[in-house]
Amino acid sequence: MPATSGKWEYLTTPLMIHNTAAILNNWGSDGWELVQVVTGPEGGMVAYLKRPLAGSEPAAAAASAAAAAGSWNDGGGGGAGGASGGGSGAGAGAGAGVADAGVSGGAA
Numbered sequence: 000m001p002a003t004s005g006k007w008e009y010l011t012t013p014l015m016i017h018n019t020a021a022i023l024n025n026w027g028s029d030g031w032e033l034v035q036v037v038t039g040p041e042g043g044m045v046a047y048l049k050r051p052l053a054g055s056e057p058a059a060a061a062a063s064a065a066a067a068a069g070s071w072n073d074g075g076g077g078g079a080g081g082a083s084g085g086g087s088g089a090g091a092g093a094g095a096g097v098a099d100a101g102v103s104g105g106a107a
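Quick note: the sequence shown uses numbering that gives the first Met the number 0, first residue 0, plus one each step.
The set of hints was computed from the structure by calculation and includes no laboratory data. Some clues are possibly wrong.
Listed next, with one range per pair, are the computed distances between beta-carbon atoms [unchecked claim]:
(1) Leu52 - Ile16: 27 to 37 Å
(2) Gln35 - Lys6: 15 to 25 Å
(3) Lys49 - Met15: 17 to 27 Å
Predicted model only: the values in this text are computed from it and were never measured. Ideal Cβ positions, reconstructed from N, Cα and C, are used throughout, including at glycine.
Construct the entire structure; sequences and hints are all you get.
Structure, rendered in structure tokens:
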């Protein structure tokens with residue numbers, strides 16, 4: 000992934016073990032990139048995601064990132080959660096929190 004000098008907004012969301020791929024694909028289709036998955040305070044998994052703030056990334060890099068996200072979301076790879084089975088994506092946004100990099104405003 001190309002380095003950018005732009006600003007990022009960040010999001011944390013709980014992951015349901017039986018629906019991990021659907022949840023991550025849902026966020027990925029909205030432009031969020033998975034950074035890390037950690038064990039949360041109650042023992043469940045928590046995903047940390049990021050995406051560039053609007054207007055903070057050059058157009059060519061944004062197009063490249065969009066193309067990469069499209070290939071990641073097309074179901075062609077076995078990547079993270081590949082063995083988790085199908086799911087409806089229900090609850091993908093439940094409990095999500097957004098933090099920005101020193102910029103006011105939230106996520107869509």
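- request: Starting from the hint 15 to 25 Å, judge whether the C-beta atoms of Gln35 and Lys6 obey it.
  value: holds, 19 Å
- prompt: Is the gap between the beta carbons of Leu52 and Ile16 within 27 to 37 Å?
  reply: Check passed, 31 Å falls within 27 to 37 Å.
- request: Return holds or violated for the Cβ distance of Lys49 and Met15 against the range 17 to 27 Å.
  value: At 21 Å between Cβs, range holds.
Of the hints listed earlier, there is not a single one the structure fails to meet.
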